[in-house]
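Chains as they are written, first to last, in UniProt numbering: chain A, 1 to 468; chain B, 1 to 468.
None of these hints come from the bench; they were simulated from the model.
Treat the hints with caution; some may be incorrect.
The list treats identical chains as interchangeable, and a pair is accepted whether it falls inside one copy or across any two copies.
Stated by the list, open to error - Below are the EDC-like pairs computed for lysine to aspartate or glutamate, each with C-alpha atoms no more than 20 Å apart in a straight line:
#, residue 1, residue 2
1, Lys212, Asp175
2, Lys229, Asp18
3, Lys127, Glu363
4, Lys212, Glu120
5, Lys127, Asp147
6, Lys229, Glu19
7, Lys128, Glu138
8, Lys127, Asp277
9, Lys229, Asp20
10, Lys212, Glu185
11, Lys212, Asp181
12, Lys128, Asp111
13, Lys128, Glu93
14, Lys229, Glu290
15, Lys229, Asp151
16, Lys127, Asp151
17, Lys212, Asp222
18, Lys229, Asp147
Here the structure is a predicted model, which means the values were calculated and not measured.
In case you want the letters, here they are:
2 protein chains.
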Amino acid sequence: MTDTHKASGDTLERPIRDEDGAIDSALVEQVSQALLLSDLTTLRAVVADMHEADLGALLEALDTEERPRLISLLGADFDFTALTEVDDSVREEILEELSAQTVAEGVRDLDTDDAVYILEDLDDADKKEVLDRLTPAERIVLQQGLDYPEDSAGRRMQSEILAVPAFWNVGQTIDHLRQTDNLPERFFEILVADPAHHFVGSVPLDRLLRNKRPVAISTLVDEDSRAVKATDDIEDVARMFQRYNLIATPVVDDAGRLVGVITIDDIVDVIEEAADDDVKQLGGVRADEELSDPVPLIARSRFSWLFINLVTSFLAAAVMSLFEAQLSQVVALAILAPVVASQGGNAATQTMTVAVRALATQELGAWNMRRFFTREMIVGLINGVGFALITGVVAALWFGSQGLGVVIAIAMVVNLLAAAIAGVVIPVVLDRYEVDPAIASGTFVTTVTDVVGFFSFLGVAAIWLAHR
Amino acid sequence: MTDTHKASGDTLERPIRDEDGAIDSALVEQVSQALLLSDLTTLRAVVADMHEADLGALLEALDTEERPRLISLLGADFDFTALTEVDDSVREEILEELSAQTVAEGVRDLDTDDAVYILEDLDDADKKEVLDRLTPAERIVLQQGLDYPEDSAGRRMQSEILAVPAFWNVGQTIDHLRQTDNLPERFFEILVADPAHHFVGSVPLDRLLRNKRPVAISTLVDEDSRAVKATDDIEDVARMFQRYNLIATPVVDDAGRLVGVITIDDIVDVIEEAADDDVKQLGGVRADEELSDPVPLIARSRFSWLFINLVTSFLAAAVMSLFEAQLSQVVALAILAPVVASQGGNAATQTMTVAVRALATQELGAWNMRRFFTREMIVGLINGVGFALITGVVAALWFGSQGLGVVIAIAMVVNLLAAAIAGVVIPVVLDRYEVDPAIASGTFVTTVTDVVGFFSFLGVAAIWLAHR
Numbered sequence: 001m002t003d004t005h006k007a008s009g010d011t012l013e014r015p016i017r018d019e020d021g022a023i024d025s026a027l028v029e030q031v032s033q034a035l036l037l038s039d040l041t042t043l044r045a046v047v048a049d050m051h052e053a054d055l056g057a058l059l060e061a062l063d064t065e066e067r068p069r070l071i072s073l074l075g076a077d078f079d080f081t082a083l084t085e086v087d088d089s090v091r092e093e094i095l096e097e098l099s100a101q102t103v104a105e106g107v108r109d110l111d112t113d114d115a116v117y118i119l120e121d122l123d124d125a126d127k128k129e130v131l132d133r134l135t136p137a138e139r140i141v142l143q144q145g146l147d148y149p150e151d152s153a154g155r156r157m158q159s160e161i162l163a164v165p166a167f168w169n170v171g172q173t174i175d176h177l178r179q180t181d182n183l184p185e186r187f188f189e190i191l192v193a194d195p196a197h198h199f200v201g202s203v204p205l206d207r208l209l210r211n212k213r214p215v216a217i218s219t220l221v222d223e224d225s226r227a228v229k230a231t232d233d234i235e236d237v238a239r240m241f242q243r244y245n246l247i248a249t250p251v252v253d254d255a256g257r258l259v260g261v262i263t264i265d266d267i268v269d270v271i272e273e274a275a276d277d278d279v280k281q282l283g284g285v286r287a288d289e290e291l292s293d294p295v296p297l298i299a300r301s302r303f304s305w306l307f308i309n310l311v312t313s314f315l316a317a318a319v320m321s322l323f324e325a326q327l328s329q330v331v332a333l334a335i336l337a338p339v340v341a342s343q344g345g346n347a348a349t350q351t352m353t354v355a356v357r358a359l360a361t362q363e364l365g366a367w368n369m370r371r372f373f374t375r376e377m378i379v380g381l382i383n384g385v386g387f388a389l390i391t392g393v394v395a396a397l398w399f400g401s402q403g404l405g406v407v408i409a410i411a412m413v414v415n416l417l418a419a420a421i422a423g424v425v426i427p428v429v430l431d432r433y434e435v436d437p438a439i440a441s442g443t444f445v446t447t448v449t450d451v452v453g454f455f456s457f458l459g460v461a462a463i464w465l466a467h468r
Numbered sequence: 001m002t003d004t005h006k007a008s009g010d011t012l013e014r015p016i017r018d019e020d021g022a023i024d025s026a027l028v029e030q031v032s033q034a035l036l037l038s039d040l041t042t043l044r045a046v047v048a049d050m051h052e053a054d055l056g057a058l059l060e061a062l063d064t065e066e067r068p069r070l071i072s073l074l075g076a077d078f079d080f081t082a083l084t085e086v087d088d089s090v091r092e093e094i095l096e097e098l099s100a101q102t103v104a105e106g107v108r109d110l111d112t113d114d115a116v117y118i119l120e121d122l123d124d125a126d127k128k129e130v131l132d133r134l135t136p137a138e139r140i141v142l143q144q145g146l147d148y149p150e151d152s153a154g155r156r157m158q159s160e161i162l163a164v165p166a167f168w169n170v171g172q173t174i175d176h177l178r179q180t181d182n183l184p185e186r187f188f189e190i191l192v193a194d195p196a197h198h199f200v201g202s203v204p205l206d207r208l209l210r211n212k213r214p215v216a217i218s219t220l221v222d223e224d225s226r227a228v229k230a231t232d233d234i235e236d237v238a239r240m241f242q243r244y245n246l247i248a249t250p251v252v253d254d255a256g257r258l259v260g261v262i263t264i265d266d267i268v269d270v271i272e273e274a275a276d277d278d279v280k281q282l283g284g285v286r287a288d289e290e291l292s293d294p295v296p297l298i299a300r301s302r303f304s305w306l307f308i309n310l311v312t313s314f315l316a317a318a319v320m321s322l323f324e325a326q327l328s329q330v331v332a333l334a335i336l337a338p339v340v341a342s343q344g345g346n347a348a349t350q351t352m353t354v355a356v357r358a359l360a361t362q363e364l365g366a367w368n369m370r371r372f373f374t375r376e377m378i379v380g381l382i383n384g385v386g387f388a389l390i391t392g393v394v395a396a397l398w399f400g401s402q403g404l405g406v407v408i409a410i411a412m413v414v415n416l417l418a419a420a421i422a423g424v425v426i427p428v429v430l431d432r433y434e435v436d437p438a439i440a441s442g443t444f445v446t447t448v449t450d451v452v453g454f455f456s457f458l459g460v461a462a463i464w465l466a467h468r
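Here chain A stands alone, though its shape is the one from the complex (with noise of 0.2 Å):
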């Protein structure tokens, strides 16, 4: 992968990131000793044309105590919008160094989406403590940001937008572009508004320059452009942009007035974000967690989720119990029983896993919900019957018992038909009730087929005991 295919001026001697995309190695200790040398000049060149990625990725490989430290004395050198790419606990221990007036320097000068999102996760005082810093005008846009829910469209736009009349031309419109000094960092359509700041339509720039200057913007709008309102749930305007192939969308305040826009960078991560929670829910690790966070919060929530886990484990132990019996009698019957449960928890969590993720991309509905269900209980009977088959004469042949291989096939279909019912209906009812099926799907299916294993393969096992 060649990253450094720069096209002009590379300053930098060493590269800044080995071939794995982490950070290279030396480049963290030039930094590091610079910083025990207070060595200004090196500092400067080394993050003088950084990306900002890059520079987040050298403060979390920095030690604690090294992160304020290199802010400090970078001062206006250093460009907060790295604090956007590190971990979430990075950069609240960061800012809890550096001092309110640094931390107000610093978001000033940036897009607002990202000073409120360096902002959102301080406490109330803190917050105010930097606000009161900023500039009225500056505060207003920052609050206004801060204020919508966490979560929503408003909290992730930037409010720097470019509107232009519907009645100007081109030619208009690109001598604005020209003249005005603050435009948005990066733009990629021109906003279409009405007197009133409500909003009309769009145009990307592809679109602006290919025509004349006498063309008027109005005939130019993207009939199909769309936008989102300050209060929509982030995932579903991010599942919007991914839809339609969106870069950027206006947003409109409930009066259908602009406020801002949000970009598809932003989104990229929402996006990534989105996939990541499901992924550490259903492997039973909280959404949020992060590499860089500390021990005991790790801990403590990895602690829960097991915790909820043993007490569905001693369930399947308390069906295990009601067996003692026929356990005593035949010590094949508590060896072959974590076959069947675990058998049937693997095929669970398949089905589970799909279902999940087809909910989350709204893949799964109402319109195919009967289709998607005939198809798992079939793929369950299929695989029921030939994990039957196998198992049965495995068992037979081990223990030189025929009629335990009929009772392990028996329990087989039966466990594996459970959980394909388990693996739909749980994510779905759990979807229905606006929970998130990835947190708890994983918990109740393989309680599901934990219960039925045991209890199918050792209540077969009772009725042939008692007949044999």
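Once you have looked at the hints, place chain B on chain A.
Same frame as chain A, now just chain B:
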């Protein structure tokens, strides 16, 4: 969520999607009816203003036979881009039913990335039939894209590029854009190339628009502009887009000559797919399993995974069978052994999930591996001691045996430490040997915790029983 804030001239009377984001079922019904009656007027009216994403969703919601029929009936009115928005298996089914001529007409006007995406899964004979119906110029471009390896940047790029010489100025560039007819459908940057078509740099459109006509293009080139090689892995390219907040990146061949452009809309799909693959593989499902896959395919691939798990279950059962004497002596051992194994399996899954995702997103590397491993060991120890106390007390009270409580407590600490080790080491080693850790880690990890769980619990129990 206000998907339907359309800006202007929405001619459709019914909503396209319901509130869950699924295609409206009444709309599907209307199209089915119109297909039955070959009512071309209705079909054209419904499809006319439809976004490709909605058209793709409509196709998926139709029955298998209806899909190619809709395309044939609509002819040139059907936008083939919609085929890039459906599941692979749906696309394959549709393409099999269409004539080579229809497919050739359909892909002719698409951007090359979309055309390649549609053609790449055809078998070689069908592909050739379609390509033979194109003009040599059209064919060469598509063939070039198809010749790059799967999952390479070259396969996902569009060949339509817009490049200007560095000695032009803003005015010349804008005039060129106004006069050229066959510009790419959408573009976000002007590429700058030397006379031999080597990539020099790129100029974002907003930067072009901020500057007056006489300004030289060479002064506007983005110093951070990066190109990727056509042979680069697309997931690495996606990581770069995400890291540096890119919207588009030029693609060069080995000699540094411009051959195409990759845009963020394709990358968003790559990012979501990569995360989605991890979710599915961790859940024991084939990465490319789709909701519309046929049942036999699904049953077969899930069977393979369950079969591997069955083998490991039998391995664990074999460990258990070493302790038949103890199991038949104290039936409580049979009841509690699965609790120890399951608690270890869940703890290992937590650690493994975090490791797999951190490896995938390049957050975990040589530089922080030791820190991560130490952290997981401490978490494993803390939670191991916690659950040792809980299970020890429960077991002692339940079965009225302090000895049994001590046995399960020791086994719990041992197994949760084993879980932490396996949860880190197994994904990291797989990754080192270039095996995707998301696929294989789960089986290995739970095998370790099952075996260690049974062995430690029953082994300690054997010692206890021998000295009782």
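Hints, verified against the model:
1. Lys212 with Asp175: both (13 Å within a copy, 9 Å between copies)
2. Lys229 with Asp18: This pair counts as between: shortest inter-copy Cα distance 18 Å, intra-copy 42 Å.
3. Lys127 with Glu363: neither (40 Å within a copy, 29 Å between copies)
4. Lys212 with Glu120: neither (44 Å within a copy, 39 Å between copies)
5. Lys127 with Asp147: within (12 Å within a copy, 55 Å between copies)
6. Lys229 with Glu19: Answer is between; shortest inter-copy Cα gap is 15 Å, intra-copy 42 Å.
7. Lys128 with Glu138: Within one copy, since 13 Å is at most 20 Å while 61 Å is not.
8. Lys127 with Asp277: neither (27 Å within a copy, 39 Å between copies)
9. Lys229 with Asp20: Answer is between; shortest inter-copy Cα gap is 17 Å, intra-copy 40 Å.
10. Lys212 with Glu185: Answer is between: at 18 Å across copies they meet the 20 Å cutoff, but 25 Å inside does not.
11. Lys212 with Asp181: between (24 Å within a copy, 13 Å between copies)
12. Lys128 with Asp111: Within one copy only: 19 Å inside, 51 Å across.
13. Lys128 with Glu93: Only inside one copy: Lys128 and Glu93 sit 18 Å apart there, 60 Å across copies, limit 20 Å.
14. Lys229 with Glu290: Intra 30 Å, inter 32 Å, cutoff 20 Å: neither.
15. Lys229 with Asp151: So Lys229 and Asp151 pass the 20 Å test inside one copy only (13 Å; across, 36 Å).
16. Lys127 with Asp151: within (19 Å within a copy, 45 Å between copies)
17. Lys212 with Asp222: within (17 Å within a copy, 26 Å between copies)
18. Lys229 with Asp147: Within one copy only: 14 Å inside a chain, 44 Å across chains, cut-off 20 Å.
Violated hints, listed in ascending order, are 3, 4, 8 and 14; each of the other numbered hints is respected by the structure.
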